[in-house]
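2 protein chains.
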Amino acid sequence: MKKENSTPTMKDVAREAGVALGTVSKVVNGLPVGDAYKTRVESAIQKLNYQVNSYAQGLKTNKTRTVALLIPNTQEPFYASLVYHINLALLKRKYRMLLCSTDYDCGQEQEYIAMAQQNKVDGIIGLTYNPHLIIEESTPFVAIDRSMGPKIPCVTSDNFAGGQIAAEKLADLGCKNVAFLRTGSDLNNEPNKRKAGFENGCLSRGLAYEMKIISDGEPYEEFDKFLADHIQEGKLSFDGIFCVTDALAYRVLKILRRLNQKVPEDVQVIGFDGIRYFGNQDYICSTIVQPVSEIAEMCVELLLQENMPSKPPLVCLPVTYVYGGTTSEPFDAKE
Amino acid sequence: MKKENSTPTMKDVAREAGVALGTVSKVVNGLPVGDAYKTRVESAIQKLNYQVNSYAQGLKTNKTRTVALLIPNTQEPFYASLVYHINLALLKRKYRMLLCSTDYDCGQEQEYIAMAQQNKVDGIIGLTYNPHLIIEESTPFVAIDRSMGPKIPCVTSDNFAGGQIAAEKLADLGCKNVAFLRTGSDLNNEPNKRKAGFENGCLSRGLAYEMKIISDGEPYEEFDKFLADHIQEGKLSFDGIFCVTDALAYRVLKILRRLNQKVPEDVQVIGFDGIRYFGNQDYICSTIVQPVSEIAEMCVELLLQENMPSKPPLVCLPVTYVYGGTTSEPFDAKE
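Protein sequence lines correspond, in order, to chains F and V.
Read in order, the letters of the first sequence correspond to residues 1 to 335 in this note's numbering.
Read in order, the letters of the second sequence correspond to residues 1 to 335 in this note's numbering.
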């Protein structure tokens, strides 16, 4: 199949429909026009297989129907899942998505922000821990997990509630002495509230707890040492551990195996994120599941909503606990 | 920080540099111009922080510096890794990437192909098993894993060699009686060559082998049944299994656990892809690793290469075997 004819233009559509060029332009750009005209133009568009030149359209309407997504990478499963759901949410609304996953390349990220300021993209959804990024409040931007300024909406899971649920679940399952393990960015961010929520849950249920928090760049071996230091006569002094992510829980499960501690018999482990093997198979561990598809929908809704005088600065979406083999649930609660 | 002044135009740059507008245009569009002029224009661009309007530029030069990527999803780890590396390869060359991951939504995919034909994107890289997709030979397109036509380059791993390496490795590690398990698309595609390569390796090493191949949509329980049927007096008749993907190997490892078969003592398992937990932690199993970053680079190179009278129809990139805990390597071969 080869293209035989030249691509039809807006003029061809006007001629075919027997209307003025301006009428075609109005229909194409979604501006009000009489129903009869609209039908004639739409039939002509279909008959000629006319396709809007979105670059010319971009120049005229200042809209590109394109949104950029900034995300550190697509290899970590939580990010991969976010990218997928945001892509679907945009395509559903006939928007295209530019992907910018650059592992904290500030120059690249800043370039996309400049594009938004110059109306080359309609807006940006960004999950970035880049501390050097400058975003003006007038830039259409929705942040995930980390607030980028008082006028920029931030969408996140209810991380505080997630931490609290983890503590309460460990208490419900009979734990008496628990630990919280965390690694991650020191920058102010929403996931850091998991710690406060967990402490709150421990206090309200009278659970004894200890914390081990390491900063970005510090070696994970600190966790090996911390857990080994809490073994007396072959027995770990904790009977429950809450890890700030499933990725950390996965490492901790390996450490516990090396220390000859049985999971969940000797110690129960809860992670955070809701990661499954290969994206759709078993959960890595018992975990607090983030509502990824709801986060994606909310980001897109907030970004594209134009007639909202003040957008909510922080939106926290509900999380749920799910059994994933590393806790001691009664039989009927499993799967 | 608020924008105080209006965005500088090409005219402002020309005035600042003391050159004609056409000279600025040449520099911006990468056309030849005297070195002294070039330096003056570049200094003016920097001083004014002038940014090229890529939509206006797109209309003039018919180039958008944008490439679309069609991929079923970003949740499966192999796809997630491809997206990441293609994104990096494009950003390195100052190209933007439109992501279209729609789980086989043919309408969406076809729309991106129309965009390429109308020069709204410079080209497409596509991994798609969509049998209804129509791609004209004149469309700038590079396919991954499945040939989309004789004039469209296809980039893939050396799947045949991968299958052969798996068979030879199992033979080297002492296996005598092996199985090949496959699921996936019935459409002609490159990964299907893993089977032929494996058979070839078995024949050359005198390995007895059986195959179990199920089609898309058939239940995975067929593999449970196949393996259970090959147990006699508690012992599996295979001492080696090659699975067409790591995702399948993961399922097979679970089945073997249920059948009380020890891996690697009773049966050794090799997968294909090179998937790691969380993208960068341990391998799921001993596996044939696909060179994802090289595949990404090759796709981008072939797509953007304009002065190539005939592009190679099929490029196969070398794979490597890596130990991942499900084979019986001598100690010093492990990591």
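These aren't lab readings, by the way, just hints derived from the structure by calculation.
Fair warning: this is a prediction, and the values are worked out from it, not measured in the lab.
Take these hints with a grain of salt, some might be off.
Note that identical chains are pooled: a pair holds if it fits in a single copy or bridges any two copies.
As the list claims (entries may be wrong) - In the DSSO-like style, the derived pairs of lysine-lysine whose C-alpha atoms are separated by at most 27 Å in a straight line are: (1) Lys-212 to Lys-195; (2) Lys-94 to Lys-63; (3) Lys-151 to Lys-26; (4) Lys-193 to Lys-151; (5) Lys-11 to Lys-63; (6) Lys-262 to Lys-94.
Against the structure, the hints:
In this assembly of identical chains, Lys-212 and Lys-195 lie within 27 Å of each other by CA distance solely inside one copy; the values are 11 Å within and 49 Å between copies. When the C-alpha separation of Lys-94 and Lys-63 is checked against a cutoff of 27 Å, the pair qualifies both within a copy, at 13 Å, and between copies, at 23 Å. In this homomeric assembly, Lys-151 and Lys-26 never come within 27 Å of each other (Cα to Cα): the closest approach is 33 Å inside a single copy and 40 Å across copies. Taking the shortest Cα distances, Lys-193 and Lys-151 sit within 27 Å of each other inside one copy (21 Å), while across copies they are farther apart (54 Å).
Taking CA atoms no more than 27 Å apart as the test, Lys-11 paired with Lys-63 passes in both settings, with 22 Å inside one copy and 24 Å between copies. In this assembly of identical chains, the alpha carbons of Lys-262 and Lys-94 never lie at most 27 Å apart, being 50 Å within a copy and 51 Å across copies at closest.
Comparing the model with each earlier hint shows violations of hints 3 and 6; every other hint is respected.
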